[in-house]
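Participant: Letter by letter, the chains look like this.
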Amino acid sequence: MDYISITSIVCAAFAVSFGAIGPALAEGRAVAAAMDAIARQPEAANTISRTLFVGLAMIETTAIYCLVISLLLLFANPLLA
Amino acid sequence: MTIDFWGLGLQAINVVILVWLLTRVFWRPVAAAIAKRHEAAQAILGDAAATKTKAEAALAELSEARDGIASERTRVLAQATASAEAAKAAALAEAKTQAAALMTSARATIAHETDAVRAKRVAQSGALAVEIAQKLLGRLPDEAIQVRFLDLLVEAIAALPASDRAALAKTKGGLDLLSPADLSASAKVKITKAVQQALEAVPELNFVTDPDLIAGFELRSAHFVLRNSWQADLAAILKELQHVS
Amino acid sequence: MNSPLESAALFQIGPVPITQAIVTTWVIMAVLVVGAYLLTRRLSLRPSKRQVALELLVDTLDTQIRETSGAQPAPYRGFIGTLFVFILAANWSSLIPGVEPPTAKLETDAALAVLVFISVIWFGVRGNGVGGYLKSFAAPNPVMIPLNMLASVTRVFSMFVRLFGNVMSGVFVIAIVASLAGLLVPIPLMALDLLTGLVQAYIFAVLAMVFISSTVEDGAHTPADLETSAKKKDS
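Residue numbers (my numbering), protein chains in the order written: chain A, 1 to 81; chain B, 1 to 245; chain C, 1 to 235.
Mixed in with the good hints there might be a few duds.
Unchecked claim - Quick look at which bits of chain C chain B covers, simulated, 3 or more residues with Cβ under 8 Å: (1) 34-42; (2) 102-112; (3) 152-161; (4) 166-175; (5) 182-189.
Stated by the list, open to error - Ranges between beta-carbon positions, derived for each pair: (6) C:Trp92 with B:Gln42: 36 to 42 Å; (7) A:Thr47 with C:Val99: 33 to 39 Å; (8) A:Thr47 with C:Met144: 36 to 42 Å; (9) C:Arg126 with B:Ala58: 27 to 33 Å; (10) A:Ala20 with C:Arg126: 39 to 45 Å; (11) B:Gln42 with C:Gly35: 30 to 36 Å.
What the hints contain is simulated information worked out from the structure, not anything from laboratory work.
Keep in mind it's a predicted model, so treat the numbers as computed, not measured.
Quick reminder that beta carbons are idealized off the backbone N, C-alpha and C, glycines included.
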């Protein structure tokens, strides 16, 4: 196994792990804010939860990008071809 | 990483076909059913609204009619009150006039009756007086009375004016001398003598008996009467009484 | 371990390689169409329980479209609703053993994203004409034209990658866990995958609706919904 493969695997793990930290924090903040809003205005819970889901999906997208990058590194590494 | 563009196109076509089929088979029929039911509900609501409007119109009409009835009642009531007032006033006026007429007639009747009663009483008292006089006279001796009345007659003749006395003395056919009872012959002579002496003439004396005189003598000619009796006195008193009342 | 980015062809029809995802898609299509046909065969004025359920589904979809875009749902109902139902069915087809969801493959997600991209153009042109659609790039002002053109591509690309990443990662993780400990252990992950599949289907449909309606509104020069524009910025 040469260095490129090792580096690719390490970077894949690195990308997934650090790519998960940011979205995790962001989703925590978003859910906390949404809970706060629902507690303040229970009658707006429908709109808030819909917006929350959409927003969570948006935030999650960054983690998904990291996952795709890591998968590319692992399975479709252009340097290894 | 390689993207299979054949697969991509095939999947896109697949999804487009699915969209088309589901739109035909699922979305449109269900949406149409919802719309139809919505329309049906709207129609029912519209019917209900129309019915409600109709009912409200009927209610308004009814309340209007009720108002009309109320005003009619008020009017009839006022009319009845007015007619009742008029009838009352008329009846009152009539009763007043009737009462006035009645009172007038009653007053007239009362006056009439009072007059009649007084007349009757006067007549009664006259009769009573005559009776009393007769009763009283019955207790006295006839001669004394005759003497006394003869004196009075003589005095009365003497009191007459001379012309009258002369006319009396010259009366044709003689003088009637009325007395209450039949006189004795001596009395007749005496009376004749006294009268002739008083008249200073010798007229003929016809003695007539008249029980109405009660007591006394009266001298009468065709157009002259010298009253000198209780009857005459009583008549005078009666006249006085009638005058007074 | 097979790469989740590759897909092997089962057989060839002329030059066209038919993969397992395409076959699964056909099966899903057949099930959906036949099921919808059977379910909507007898629709009456007095609904049965089945019809009430269908009407509830359609009514919920209409409400979502109306709340998201503020537009009348009728023109968008077919496209948005089919997107949601198809993606949901595809995501949940992973429950059947041996079946890999078509949405876990690049081609299907890319096809869906391309369809959303085309539909944005289609509805924009249909709502405001070609001029109105082109004018929607100049919203809120002409300086934004390059950014808007870039965004119209990248937002679709992000939808594609999001759907692919979510479904594929769920399938991939379940496959890894199943290869390590086959019995009962993957069940919580499968439950999470169900939730993810539902949420991703919902988000894909809502985002498609948001893009379409924002294009239509920008072209019509009406003040865009705050929520709508906020979502657009996020993507």
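Participant: CB of C:Arg126 to CB of B:Ala58, is that within 27 to 33 Å?
Facilitator: 52 Å Cβ-Cβ, so the 27 to 33 Å window is violated.
Participant: With a Cβ-Cβ cutoff of 8 Å, does the stretch 182-189 of chain C contain at least three residues near chain B?
Facilitator: Our answer is that it is violated, as 0 residues pass the Cβ test (under 8 Å) against chain B, missing three.
Participant: Examine the stretch 102-112 of chain C for residues whose CB is less than 8 Å from any CB of chain B, and state whether their number is three or more.
Facilitator: This one holds; 8 residues, not fewer than the three required, reach chain B with a Cβ under 8 Å.
Participant: Within the stretch 166-175 of chain C, is the number of residues with a Cβ closer than 8 Å to a Cβ of chain B three or more?
Facilitator: It is violated: at least three residues are needed, and the stretch 166-175 of chain C offers just 0 whose Cβ sits closer than 8 Å to chain B.
Participant: Holds or violated: 36 to 42 Å for the Cβ distance of A:Thr47 and C:Met144?
Facilitator: Because 27 Å falls outside the window, the suggested range is violated.
Participant: Using C-beta distances, would you say chain B covers the stretch 152-161 of chain C, given that this needs three or more residues below 8 Å?
Facilitator: violated (count 0)
Participant: Please test the hint of 33 to 39 Å on the beta carbon pair from A:Thr47 and C:Val99.
Facilitator: Hint holds: Cβ distance 36 Å, inside 33 to 39 Å.
Participant: If I claimed the Cβ atoms of A:Ala20 and C:Arg126 lie 39 to 45 Å apart, would that claim hold in this structure?
Facilitator: Given range 39 to 45 Å: holds, Cβ gap about 42 Å.
Participant: Has the hinted range 36 to 42 Å been met by the Cβ atoms of C:Trp92 and B:Gln42?
Facilitator: Given a distance of about 38 Å, which is inside 36 to 42 Å, the answer is holds.
Participant: Please test the hint of 30 to 36 Å on the beta carbon pair from B:Gln42 and C:Gly35.
Facilitator: holds, 31 Å
Participant: Would you check chain B against the stretch 34-42 of chain C, counting CB to CB pairs closer than 8 Å, and say if three or more residues qualify?
Facilitator: holds (count 4)
When the structure is compared with the earlier hints, violations turn up for hints 3, 4, 5, 8 and 9 and for no others.
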